[in-house]
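For what it's worth, our numbering labels the leading residue of the sequence shown as 1, then goes sequentially.
Calculated directly from the structure, the hints in this document are not laboratory data. If a hint is listed, it holds; no wrong ones were tucked in.
Keeping only pairs whose Cα atoms sit at most 20 Å apart, straight-line, the calculated EDC-like set for lysine to aspartate or glutamate is:
{"hint": "1", "residue 1": "K2", "residue 2": "E102"}
{"hint": "2", "residue 1": "K284", "residue 2": "E330"}
{"hint": "3", "residue 1": "K2", "residue 2": "D137"}
Cβ-Cβ distance ranges computed for the label pairs, FRET-style:
{"hint": "4", "residue 1": "V253", "residue 2": "A84", "range": "43 to 51 Å"}
{"hint": "5", "residue 1": "D32", "residue 2": "R263", "range": "38 to 46 Å"}
{"hint": "6", "residue 1": "D32", "residue 2": "D7", "range": "24 to 32 Å"}
{"hint": "7", "residue 1": "V253", "residue 2": "Q209", "range": "37 to 45 Å"}
{"hint": "8", "residue 1": "E88", "residue 2": "A251", "range": "37 to 45 Å"}
{"hint": "9", "residue 1": "A265", "residue 2": "T133", "range": "23 to 31 Å"}
{"hint": "10", "residue 1": "V253", "residue 2": "A108", "range": "35 to 43 Å"}
{"hint": "11", "residue 1": "Y3", "residue 2": "G346", "range": "30 to 38 Å"}
{"hint": "12", "residue 1": "G44", "residue 2": "P143", "range": "44 to 52 Å"}
{"hint": "13", "residue 1": "A251", "residue 2": "R51", "range": "36 to 44 Å"}
{"hint": "14", "residue 1": "I36", "residue 2": "F12", "range": "26 to 34 Å"}
C-beta atoms are modelled at their ideal positions from N, C-alpha and C, and glycine is treated no differently.
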Amino acid sequence: MKYVQFDYVNKFSCLAGKCPDTCCKDWQIILDEDAIARYASLPGELGEQVRAAMLTENGETRFRERGGNCVLLRDDGLCPLQAAYGAEMLCRTCFTHPRFTEEYGQTAELTLSASCPEAARLLLEHDAPLTLTETDDGGPVIPNELDPALYPALLAARTASIRLAQDRARPVADRLALILLLARRVQRLLDEGRDELVPVLARRFLGKQYQDRSLVRLARLRSRSGRFFPCWMVLNNMEHLTRRFGVMLDAAVGQDAPPAPFRDAFSVQYENLTVYFLFRYALKAVNDRQYLAQVEQCVFHLLCLRELSADAATVQELTEVVSLYSKEVEHSAENQALLLKLFRRGTLRWQYLALILDY
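Go ahead and model the full structure; you've got the sequences and the hints to work with.
This is the structure in structure tokens:
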């Protein structure tokens, strides 16, 4: 098995009680079978407390909540299970968070979710272009169900998109526009069943002259239409996990201001967020061939964060916005499903996103 992750991942260490937030609130913690078995035999007063905190509904067992928090969460922000027995006693969800792993055949890709304040800080304070590191455990090749033509095509498209995102000679808006244009043309090839041509297209898109011509054509599209689909209409119809997110949305909408530009002061942060979203979502198209929808989702996230962070004066303030947004949007299956439905059906289209990139 090959393991792929960003170069900053190994620097991560949980802040525990010093964290400005906690991963023990605002969502339900589903317990795995191994954890349930461990907790069933846990001795003493703590064992009784843990078993009393467990609730089984609709075939799933989870910890109860009180005021949005896991009932086991102590006043000092620590989990009594981890404090008494170490991280090995935690359920799988708590043990792995904020790490997320996606497996594509013989490759496992590890991401730190930006919902974690410390993970978001590491991502946004990384000044050099993000790089991906690879390790191999030397294990045997195991047969898998990956499409042998589709996966390499998507990987080539994502690799080219990340290179476009990290082209610091161009404004952030132009980089995102090129990523959208590449995704549209990749999708056309996928729809035609010409997967083998995607790597050729991806290489061509890295040429400066090809990029310049593409941006000129996009400029003509912008000059013909001023329509766009506001991010607020989507975000307000999503499930809200926290009251804070609703307050943040209301404040942003209440300003009644035109869309904010991508500020040069945060260009590195926007770049890193783009790479993060592409790495996390683009290859999910192996499941349905809808690469454009996944990339549209990535750009949508950037546009929303641009608007929500319009008043952010520091990277720390931007990090707080990113962390809350990620918790609300990335950690809600309902919200993820809503977004993908909008893009797959064409309710939200790449043209709408492209029109508001360079305000």
